[in-house]
Amino acid sequence: MRAWAFALRSLLRQPARSGLGILGVTAVGTLLFDMLLLSRGLEVSFRHLLDATGFDVRVMAAELPFAGPRLTRATATAAAIARLPEVAAAVPIAVQRATARTGAGASTPLFLLGAGIGAPRPWVVAEGGDLPAEAGNPPAVMVNRRLAGSLHVRPGDVLMLSGPCGAEPSALPAVPFRIAGVAEFPFEEASQANAGMRLADLRRVCGKDADEADLLLVQSRDGVAASQTVQAIHAAQPELYAFSNAELVAQFEQAGFSYFRQISVVLATVTLFFGFLLITALLTVSVNQRFGEIAAVRALGFSRRRVVADVFCQSAVLVGTGGLLALPAGFALARWLDAILRSLPEIPARLHFFVFQPRALVLHLALMVVTAVLAALYPMRLVARLPIAATLREEVVS
Amino acid sequence: MGILAAVLAAPIPPAEDLPELLISRQLAAAEGLRVGEVVTLTARAPGARSARERRTDGGGRAAGADVAERRFRIAGIYEPAPDPSRLGAARLEARLHLPELLALTADPGDPLGAESVTLVNVALADATAAPAFGRAVAARMPGLLAHATAGPREGVDSFVVLERFHLAIAIVTLVGSTIFLLALMVMLVDERRDTVAILRLIGLRRRRILLQVLFEGLLIAAAGAAFGVLLSIATQGAFNRFFQWRYDTTLVFVRITPRIVQRTVLLAVPFGLGASLLSSWSLVRREILALARR
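Heads up: the sequence lines are chains A and B, in that order.
For the first sequence, the numbering used here gives the first residue as 70, with consecutive numbering after it.
For the second sequence, the numbering used here gives the first residue as 96, with consecutive numbering after it.
Quick caveat, the hints were computed from the structure, so don't treat them as lab data.
These numbers were taken from a predicted model, which means no experiment stands behind them.
Some hints could be false.
Simulated DEER-style distance windows between Cβ atoms [what the hints assert, rightly or not]: (1) E115/B x S412/A: 42 to 52 Å; (2) V227/A x D343/B: 36 to 46 Å; (3) F425/A x E174/B: 50 to 60 Å; (4) V227/A x A234/B: 32 to 42 Å; (5) E174/B x A85/A: 50 to 60 Å; (6) H242/B x S412/A: 48 to 58 Å; (7) L393/A x R358/B: 42 to 52 Å; (8) E174/B x R454/A: 49 to 59 Å; (9) Y173/B x P178/A: 20 to 30 Å; (10) F337/B x E415/A: 47 to 57 Å; (11) E382/B x E463/A: 50 to 60 Å; (12) E210/B x A121/A: 14 to 24 Å; (13) A243/B x Q331/A: 30 to 40 Å.
When the alpha-carbon atoms are kept at most 25 Å apart in a straight line, the in silico DMTMM-like pairs for lysine to aspartate or glutamate are as follows [said to hold, decoys possible]: (14) K277/A x D252/B; (15) K277/A x D202/B; (16) K277/A x D205/B.
In this text, a Cβ means the ideal position worked out from N, Cα and C, and glycines have one as well.
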């Protein structure tokens, strides 16, 4: 306890130097904390998005959705998968581009998401109601906030939707829909207008009869692991590709996320080294300037262990204070950096690059402790080996 | 233009006249393929039943009525052009003549299947005429879009965003470095308190001492910036080799250009000078007696 108080007094004697040291550690700690948030942020956020609507397995006709062939006989396939004992629900999903118009003449391009209607739904209701269980006339549609805002429409309003859903121009008439509610779609982009509807209604808008879908969303029964469901689907439908959410995260991590993990590792390493250098330099110069004082207190009866503990406590106070201040600063910086990266094109609005996890906090504290210890080693060695008599004599002579 | 989902090994017929293709280095390594070997390409996914099997039971999942298979002889192995947008993706690719690709992937039920391509690359005699060319194509062939491959892109560019992110990181690093330098300079100046007191006592003016400290700061900042640049140049190869190994690509990740060196020096030296000035000013402005007192 005395060592801590003594270290604190030593630091307070030189407030400018100590303040700059703490600020330096804060800057280093801030960057380190942010890199720890970044290292697994995308992975955690992506997993959260995949889990958001309650489906834990995706089934496709190729290894990636929307990049390969589409699933044919989608309704029958979904029904066959839904009959598996491991499966609670299987929902076919198709996505098409279209145009939305209001009675007032306003229009906007949008993405239509057609889904087999069951529970759970591939969206989260934010306002109004959900699509009714039975088909209606006019059919119901869910719109996202972006679409509702850009066309100034609300639940209960009528929206005219029309193709072309493919590359070729379409002469199909617009289909009227009644807006049932406003929904959030897990993977929607911030600037993207979306609407969700029954798969059959999507085909009507696009003028397509083929029973095709881009993917199937599958929910496992309670107590059944997603990996078991994937195995069951592989066995029942060997030509389809089924992935659990964990497998999809691992796949995307290989393809797109690893860059941010690599850069976070490199920057965290450089940052830690930088912090180590800063604290070592501060403590070493401080100890060098206090050789006379340290020799004097040793001569007065302070043990070697006691003065070494003083140096260690100074390092701990500097790094501890800076490390703690780094947490709010890190959160603030993370918000700024996250906003920059989220402006990347085709990034879902709810995907984040910097995500807090308790693991990051624990790792941050552990790394700061290691830095404090390592940075104190050299000045502690200087103090431990200080010759008392020679130092005092030199001090008097100089 | 379609995805070739399977590469199937096949015995080599000795004198058969097969069409040739090129395969990427990554595909050759992944499948253990060599020049001269024969491979079978199909648009059918691995594990999928054949077209005949699907017709028999009425099943079938992947769209497309029939799926062709064709054998090719490997004429060579090529290194794919580095593509930052495909970073991390395994470049398992093959290049073959367009008619042969269309024969493999075209939908027999689509009369235009053998005539459809994804895009047409055009080399203009005058590259600056790209916008005019785009307008002319749109006017003469409605539905077609012509985009210049060079110049600013439409919408938000991923690399511009990444550059902004790297710049933000650089700013934070610069702030941290400046605090570090300021702390060092405070200690340096504090250590020389007695020297400054003596210099003042023998008649040197504040301005003269400040100039000396500034010059020292300039030297330290310039030396630090030069060391930083040299260290970056020395380590850029290691960074590139690591990331090229990690992503199996020939992309260059770090390149120290004269512009970057210039920007680094222009930022580091003034910040270094500022740190020197700030740290020394508090000492130099004190009265001589206050400086001399221990």
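Against the structure, the hints come out as follows:
no., hint, in the structure
1, E115/B x S412/A: 42 to 52 Å, "45 Å, holds"
2, V227/A x D343/B: 36 to 46 Å, "53 Å, violated"
3, F425/A x E174/B: 50 to 60 Å, "42 Å, violated"
4, V227/A x A234/B: 32 to 42 Å, "37 Å, holds"
5, E174/B x A85/A: 50 to 60 Å, "57 Å, holds"
6, H242/B x S412/A: 48 to 58 Å, "22 Å, violated"
7, L393/A x R358/B: 42 to 52 Å, "34 Å, violated"
8, E174/B x R454/A: 49 to 59 Å, "58 Å, holds"
9, Y173/B x P178/A: 20 to 30 Å, "39 Å, violated"
10, F337/B x E415/A: 47 to 57 Å, "28 Å, violated"
11, E382/B x E463/A: 50 to 60 Å, "29 Å, violated"
12, E210/B x A121/A: 14 to 24 Å, "43 Å, violated"
13, A243/B x Q331/A: 30 to 40 Å, "32 Å, holds"
14, K277/A x D252/B, "34 Å, violated"
15, K277/A x D202/B, "18 Å, holds"
16, K277/A x D205/B, "16 Å, holds"
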